[in-house]
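Using the hints, position chain B against chain A.
Protein chains in written order, with the working numbering: chain A, 123 to 561; chain B, 18 to 873.
Among the clues, some could well be false.
Using 25 angstroms as the maximum straight-line C-alpha spacing, the simulated DMTMM-like pairs for lysine to aspartate or glutamate come out as follows [what the hints assert, rightly or not]: (1) K157/A to E213/B; (2) K516/A to E437/B; (3) K519/A to D19/B; (4) K157/A to E550/B; (5) K430/A to D19/B; (6) K157/A to D119/B.
What the hints contain is simulated information worked out from the structure, not anything from laboratory work.
Predicted model, so just to flag it, every value in this text is computed and none were measured.
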Amino acid sequence: MSDFSEELIRPKTEDDQEESCLFSGTGMSFPWLQKHIGTVATGGKKEKDFAQTTNACLSFIQEALLKHQWQQAAEFMHSYFQILEDSDSHKRQAAPEIIWKLGSEILFYHPKSNVETFNTFADRMKNIGVLNYLKISLQHALYLLHHGMLEDANRNLSHAETWRYGEKSSSQEVLINLIQAYKGLLQYYTWSKKKMELSTLDEDDYAYNTASQNMLNHSWKTSVNLCALIQTPGVWDPFVKSYVEMLEFYGDQDGAREVLTNYAYDEKFPSNPNAHIYLYNFLKREKAPREKLISVLKILYQIVPSHKLMLEFHRLLRKSEKEDHHKLGLEVLFGVLDFAGCTKNITAWKYLAKYLRQTLMGNHLAWVQEEWNSRKNWWPGFHFSSFWAKGDWKEDKALACEKALVAGILLGKEREINLFSVDYLGCENSALCHRRWVC
Amino acid sequence: MDFPSSLQPTLFMTGPLGLSNVPDMSFMCSWRDALTLPESLPENFKNEAPHLATGLLWEPETPGPLPLLPPGPDPWDPGVTAQDLLFRGAFPFRRRPQAVLDVTEQLSRFLWDHGDIAFAPLGKLMLENFKLEGARSRSKKKTVVSVKSLLQDLGGHQPWGCPWAFLSYRQRRFSIIGGPVLGKSVASLLGELLHEELAMRWEQLLLDDAFTGGALAWVPGRTPQVGQLVYPAGGALDTLCFQEVRLPPGGHPQALGDPGHIQLRGPVRQVVTRTVQGESLLAVRSDYHCALWKVSKQGRAAPLQVLQVGKGATGISLSPHLPGELAVCSRSGAVCLWTPQDGLQQVYKDPETLVFCDPSPWRWADFTAHPRVLTVGDRTGVKIVDTQGPPGCGLLLFRGGAEASCRRGERVLLTQYLGECGPEPQLPTLHLICTQFSLYLVDERLPLVPMLKWEHNLPSAPLWARLLPPPCPGCPRPLLLGGQGGHLQLLHLAGEGASAPRLAGPPQSLPSSSDSLSAFPLLEPKSQWRLQERLKAPTIGLAATIPSSASEPVLSLFQLSAAGDVFHQHLHLQADPGPHSRAPTASWTPQATACCSRWLKALLDVPPTPPVWAAPTFSHRRLLGCMEQRKVEQKGPEGLRAAMAAGRLLRQKDVGSPPSAGPPPAPEPGPEDELSARLEAAWQGRMAAWWERQQGRSSGPGRQPKRRKRRTQLSSTFSSLSGRLDLSDATSPPHSPDRASPEARPRPPVTPPSQESTQELWARGVPSERQQTLRDYMARLPLRGDAPRGVRSPLSGTSSVRATRSRPQTLQDGAAELPPRRNTRRGAAVSSSQTSSVRATASRQQALRKKPRMGF
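The following block holds chain A by itself, in its conformation from the complex (with noise of 0.2 angstroms):
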């Protein structure tokens, strides 16, 4: 902790990020600026020898690095530890982190350079840039958890967790819930090892009961770990999937309940789709009421239309009894067909020819008329078009039935026969049979 009085002395103001990023007359900040006025200023003080020979250095190392060569961008590092001892309090502060950021890249791609190394680097580091101990520790838990010491990064993640450094800041915080939550994750995965290692043993065995109790002491700690980042907006699907999967374990419904609730309605946290898909799956566990499956799918109906889960969400509609329901069965369908990337799916096109036909026999051609009026003017481009007529034709033919029938039953009979002459030749049965049974 060499730096540790300097960085108590002048904790860092905005100035010195912003030194690296020049701004013009309307705020924006262009990092190609200085090369302009290093062209024009010619006269005045010039930057020290120490400082140019840094800078080139630093410029060289993260070309090498964009072009791979791992062992100069290793030999250029060698010299650019000379920043650490420039007189430019500003610049030594900030070199910790530069190294640490250009040194872990070079390690991790490096032919010769091994778990061992890094290792040692990164506990050097460390303890080089007071401010930088967390995020450093971070990430050589990451590491270690890539190169499959679980261990390793456990220990590491210990370490870093009781670490602390001047008055608790809100970033140090976020990043302290970070560590506890990876360590929690980590104690997740030796549960869920457990777990499987339970399902093998006999209930009546004596080891039965030593290793529950081992998992319930497990289950104690991560979840006193995985709690306080969760309270955090963010995104945090890999920590409230594990905890929850513990608190159901445990058959705490009510907890798995509040925290996947917190995670998808929370408005402080982002519209992440996985919290209500996560939240679906555990009610649909849970044999939640159909009223509250709905519910939860709609608003996931209103950010992602396009989900798979929106086909599971018809299915449920067409089952229910209220007749808006029904109707919203039928706009799910469409909106899952706008999509470029579900333009193939042969049972969201199946349900649709189903579903229309249901609901015109229902006496409902206005809800029919209510979307397609929306989507005439594109639709027979987007799906019915000769193009994809003769495409799906070739690739699919149940693909092009199902198109078909819908086209039939949407553009009407002239229309129908026009742009999918070439389905004709292969679906006209079963099409021509289904037109009749709809006229």
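For chain B alone, coordinates are given in the frame of chain A:
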């Protein structure tokens, strides 16, 4: 569609840009992104080897790109640089260097170069108060000033302001009385406009967003090996070219035949192509027009529709879903959906920026996975807008703020929809957003939270991005990012369907055209410099393709430069070179260097650009005296110019009749001639006689030279500032040597006549970048009604300068033995004081001939 079942942990913070105490969760390391958390049980995870392909590398075949097409016939000039605009004073070294626009110098240069434009209207107003010619005014009116005497005093002034220069009383009086009028009107009217113009140019130099999206496009042909490059050519970039290119497997691309041309009426800024449902479409954006072509299977382009955008178009994009549908956005903040059949449909309009206030009028629009939903972007963020929903509403897809942990001053430079048409679109919901620092991938289903962030650190503005199909099944997709300075970065993008997008392997940089310099033979400095400038020309377009049939994945990359050159490079995918192999270094092949040499030869055959501007020489006196004679004398300079343009000798008949006033003045015998006389005598063997003569002379008028010398000194001291008649060219202001008078330079014969004719008469000879200033300025003139006349007349004044200026030159040619400068100056000094009563219209040859003698 599948949504990634588990996303990377990300902190979500709302707030403005550069929020300081947010821990930046994207640690900028490419490897961090590769560390996906194990989803399944740890057992499976443990067995998994590090799945990051460290050896994923597109290896360039040559160290730099090669020219694909011969250079165009138009010369190219880099235009305004930072040196032209910035204050060059000695700055003390500061932590945060600042750019200071040098308005003063620009204004003074403008006044010098175009004084006629700056002052003529004022002069017209003050015409009554000036007496332009003739003898000294006899009138008692105090308000009338004789210009001739004033200019005589001014004659010796050095343009860059000699602090020790002599000021006559007349001058002093005039500047005290006239200064406020002259200074105020010029400074207030012109200075403001000039400052505006300079600020605009500087902004443009920092970021020229006109070419956002790129003006180069690849239209695939019938076979994977053949395609067309579509790009603008010509000095004004107003010719749209269609160049057929063959990509032989394993070989370099070849241009097939000459390109097809379409002449447009404005510069092409953006060229977009897409093949939707088997139909190839080509959209072109110019400053105020957009146009749509349909490209047939044979590669012929048929125009569909042209759209005029009153406020100026900033972006155009073609729908990947429906053939012939486009999104166009304009500077006014409007975004329109455009189809040739149904015309325009305004989708969104907001002159304000989305997230916070930013003055840039730049707007961008692109499509999304839903054919009726567009993204609308500006410098501060990107919004998703439903064209069928109520106007003005929509969700923010990207916010310049703490959500994406943006830095202070970070702005969106490019947004692009990465999904494409096709039966099985990959990444159908991803959008690329580039700022000057980072690249973000945002999924439209999870707005505001970037799925991937990578700090690209490009040294120039990233304005082009191309996502290519995977080179082999299961390979990550190459994403090319191009900077304005020609910098290229290639990212390997993996993850689709149920997994979140991530970088597979570290990004790599690709050679830019300035790396090709080593392929060219060494040249003499001037040509070398020209070549360097040409290779350094900013990039304005990027196109890339992966011919699918090749056995080994090959990436062909084309870059268009602002000089109109198309460079290409060829990259091979090096799948997994093993852990210990070094990154290989490419070298130049003989074919490559031969190609470069051929191109260079063609480049050097193109005559260089005429100088954008040149300082006029400073000589007013002749202007007055010879006003009447200019009609007669015009033949001389014209002949001279013609001769210089043709590069031949100037003959007597070109000049017209020689000065008829008599024989040239005889050489003046002087002390300098002693040597030649002695030598002459020695050669003739009459040395002794010469000596005698010399002896005799020194005893007689021996004191004369001394006195003469003293007098010379005196007169030169007192009248060093008074005008010289015939030395204008020799003692012209100490500009740098290449700033010779524009008249003396041959007009390049290569200047396309069309370009010349399109310029208004008054604008001729005015540097193009200043024409707008002039236009604005003239629009504010009180003489608005007859502005063209009011401007043309001063120019005709300059033409008289031209006519008269070269006259003494021809004179001097004739009188080559005129005494050296010192004598003439002395003579001029005397004449200025003595001949003031002589009418200026008197024959100047006579005055010239007389002067030396009068000096004695």
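Checked hints:
1. K157/A to E213/B: holds (23 angstroms)
2. K516/A to E437/B: Distance of about 21 angstroms is within 25 angstroms: holds.
3. K519/A to D19/B: Between K519/A and D19/B the Cα gap is close to 24 angstroms, so the pair holds against 25 angstroms.
4. K157/A to E550/B: holds (16 angstroms)
5. K430/A to D19/B: Holds: K430/A and D19/B sit about 6 angstroms apart, inside 25 angstroms.
6. K157/A to D119/B: Roughly 18 angstroms between the alpha carbons, so the hint for K157/A and D119/B holds.
The earlier numbered hints are all upheld by this structure, with none contradicted.
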